[in-house]
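Number of protein chains: 2
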Amino acid sequence: MNYDVKEWHKLSLAKIDSLMDSLLTIKTPCETLVESMRYSSLNGGKRIRPLLTLSASVLSHANVEDALLIGSTIELIHCFSLIHDDLPIMDNDSMRRGKPTNHIIYGDAVALLTGDALHAICFEILSSNKISVTAEKKIKIINLIANAIGVHGMVCGQTIDWLNTGKKIPLHELQQMHTLKTGALIRASILSGYLAGDGFHDSQYQRMDDISQKIGLLFQVVDDIIDATEDSHTLGKTANKDAEQNKSTYVTLLGLEEAKKSALNLHKNIIEIIKLENNSEYLQYLTDQIYYRNS
Amino acid sequence: MNYDVKEWHKLSLAKIDSLMDSLLTIKTPCETLVESMRYSSLNGGKRIRPLLTLSASVLSHANVEDALLIGSTIELIHCFSLIHDDLPIMDNDSMRRGKPTNHIIYGDAVALLTGDALHAICFEILSSNKISVTAEKKIKIINLIANAIGVHGMVCGQTIDWLNTGKKIPLHELQQMHTLKTGALIRASILSGYLAGDGFHDSQYQRMDDISQKIGLLFQVVDDIIDATEDSHTLGKTANKDAEQNKSTYVTLLGLEEAKKSALNLHKNIIEIIKLENNSEYLQYLTDQIYYRNS
Chain A
1 MNYDVKEWHK
11 LSLAKIDSLM
21 DSLLTIKTPC
31 ETLVESMRYS
41 SLNGGKRIRP
51 LLTLSASVLS
61 HANVEDALLI
71 GSTIELIHCF
81 SLIHDDLPIM
91 DNDSMRRGKP
101 TNHIIYGDAV
111 ALLTGDALHA
121 ICFEILSSNK
131 ISVTAEKKIK
141 IINLIANAIG
151 VHGMVCGQTI
161 DWLNTGKKIP
171 LHELQQMHTL
181 KTGALIRASI
191 LSGYLAGDGF
201 HDSQYQRMDD
211 ISQKIGLLFQ
221 VVDDIIDATE
231 DSHTLGKTAN
241 KDAEQNKSTY
251 VTLLGLEEAK
261 KSALNLHKNI
271 IEIIKLENNS
281 EYLQYLTDQI
291 YYRNS
Chain B
296 MNYDVKEWHK
306 LSLAKIDSLM
316 DSLLTIKTPC
326 ETLVESMRYS
336 SLNGGKRIRP
346 LLTLSASVLS
356 HANVEDALLI
366 GSTIELIHCF
376 SLIHDDLPIM
386 DNDSMRRGKP
396 TNHIIYGDAV
406 ALLTGDALHA
416 ICFEILSSNK
426 ISVTAEKKIK
436 IINLIANAIG
446 VHGMVCGQTI
456 DWLNTGKKIP
466 LHELQQMHTL
476 KTGALIRASI
486 LSGYLAGDGF
496 HDSQYQRMDD
506 ISQKIGLLFQ
516 VVDDIIDATE
526 DSHTLGKTAN
536 KDAEQNKSTY
546 VTLLGLEEAK
556 KSALNLHKNI
566 IEIIKLENNS
576 EYLQYLTDQI
586 YYRNS
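Going down the list, the protein sequences come from chains A and B. Numbering-wise (the numbering used here), the first sequence opens with residue 1 and increments by one. Numbering-wise (the numbering used here), the second sequence opens with residue 296 and increments by one.
In short, the hints are calculated from the structure, not lab data. Check each hint, because a few of them may be wrong.
Claimed, not checked - Far from chain B by the CB rule (all over 10 Å, computed), these chain A residues:
1) Lys99
2) Asp227
3) Glu257
What the hints assert, rightly or not - No farther apart than 27 Å at their CA atoms in a straight line, the calculated lysine-lysine pairs in the DSSO-like style are these:
4) A:Lys167 with A:Lys241
5) A:Lys168 with A:Lys241
6) A:Lys27 with B:Lys509
7) B:Lys435 with A:Lys140
8) A:Lys137 with B:Lys432
9) A:Lys241 with A:Lys10
10) A:Lys27 with B:Lys322
11) A:Lys27 with B:Lys463
12) A:Lys214 with B:Lys322
13) A:Lys130 with A:Lys46
What the hints assert, rightly or not - One side of the interface only, derived from the structure: several residues of chain A facing chain B at Cβ under 8 Å:
14) Asp108
15) Ala120
16) Ser127
All residues carry an ideal CB built from backbone N, CA and C; glycine is no exception.
Same shape as in the complex, but just chain A (with noise of 0.2 Å):
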């Protein structure tokens, strides 16, 4: 691995978390608000989503800063939805990051409203002048994500998970589930990036189309593996509670091994996709870093 594609992810997180920092650098009158969407936020999380965002932008050639506040908006949108995710009244989940959820700290009425707060912050941001792209360009990005936020794609992915916890559902359902749960979202970062540069064709775009929604597939498979297989410290979250809820999941339905195998064809696959694409080193790696993470 080439030492500046490490540093590149280094610095790029440094410049990610001080953006978020920034953006939730708030006057409201509601300390407690701006307070409660900055704890569940501004908490050493991967930024995998923004970094996708940035990876993909280099292939568009598109302005660094744009890229930067579009990839922090949606992890905005992502941090939105480990709160609701973590109410009581869903997974009742008290462990995030490694830190107690935001409800164990503000409650439960306080958490569903920072949750709220930060799904439409998003789109105060995408629709600001702080991002240089045309008008034209902005509605399209915003289209893509509130697209890939609602009925389209993460929340109905968690009704459709929600309503099928206890249940055994064959392997095209739980793909489609996880299509829309966890890849809608990660398909937009990348895309997004891609659509703040200039000058693809469609037929580029719908490369990057199928690319990203295979690496969403990989991130899901390899999520899975390592709910199993890993306990709660290094997970920063509560471990094995897929079993316990009793989820169909890629490791409860082919078994670890098949699991494990599906991710190393999939990984295989998408970087022999991806190298085809000029100045997709960053890409490759965080294909990489998706593929090899324990946490």
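Go by the hints and put chain B onto chain A.
Just chain B, lined up with the frame of chain A:
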């Protein structure tokens, strides 16, 4: 009162309901989610927000279809906020618009996710090709609405409200809380309709901004009065909830008579200012409706 204005109200209501029905005719892999979104949106609300958008759009000669779409998305935001508000972890309300609340029918988790899905779909629609205004104008409208929802608007007001339940707060804090909780989205309803049109000056926009904030305040003062004076049957939701929850309201802080006097003066003042604008008949009529309503 002019027959045409009443006719406009009736026709507009029908158009809004029909458009919302069509916006929520969605094909996704999770029928329950769509059903739940429809349950809490297509339920005979008064549609005061989209009506305000429509009435304001007349002043700037905006396209009616655009104003209908923008207003309807704001109504979806309103519906999302009601679902989250009604959850047991917040107001724990079991009746809304004369029907069981969303979580009573679909459970707390699906209700939570339904609110999130309605939130996201607003930005999907606003950034879609369905709306014919320029991309620059779309961005302005999205920014206005996103700003009205989150940490600078509705959700901030809801959090302040929640954190002060059971406490007596001074009148200026109550007013600030309502400016955020209810006022911000009403302001956005009016200004987004106005923004969809053309040919107005900054000074006109400033006047509309002032009017829209006053209408928001009137709406809340009247809301507090009817909560204290009407029964649950008339309201279609639990009556006298504010007193039960020991919430500060205009009625508990000023007394019923002073609150009524305050609403009377505010209504008079708003009508005097609106009358100076051309084509403001519908907005005048809606202000009357807000003032004279009993639910």
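Verification of the supplied hints:
{"no.": "1", "hint": "Lys99", "in the structure": "holds, 21 Å"}
{"no.": "2", "hint": "Asp227", "in the structure": "holds, 20 Å"}
{"no.": "3", "hint": "Glu257", "in the structure": "holds, 29 Å"}
{"no.": "4", "hint": "A:Lys167 with A:Lys241", "in the structure": "holds, 15 Å"}
{"no.": "5", "hint": "A:Lys168 with A:Lys241", "in the structure": "holds, 16 Å"}
{"no.": "6", "hint": "A:Lys27 with B:Lys509", "in the structure": "holds, 23 Å"}
{"no.": "7", "hint": "B:Lys435 with A:Lys140", "in the structure": "holds, 15 Å"}
{"no.": "8", "hint": "A:Lys137 with B:Lys432", "in the structure": "holds, 13 Å"}
{"no.": "9", "hint": "A:Lys241 with A:Lys10", "in the structure": "violated, 30 Å"}
{"no.": "10", "hint": "A:Lys27 with B:Lys322", "in the structure": "violated, 40 Å"}
{"no.": "11", "hint": "A:Lys27 with B:Lys463", "in the structure": "holds, 24 Å"}
{"no.": "12", "hint": "A:Lys214 with B:Lys322", "in the structure": "holds, 23 Å"}
{"no.": "13", "hint": "A:Lys130 with A:Lys46", "in the structure": "holds, 24 Å"}
{"no.": "14", "hint": "Asp108", "in the structure": "holds, 4 Å"}
{"no.": "15", "hint": "Ala120", "in the structure": "holds, 3 Å"}
{"no.": "16", "hint": "Ser127", "in the structure": "holds, 4 Å"}
In summary, the structure is inconsistent with hints 9, 10 from the numbered list given earlier, while agreeing with the others.
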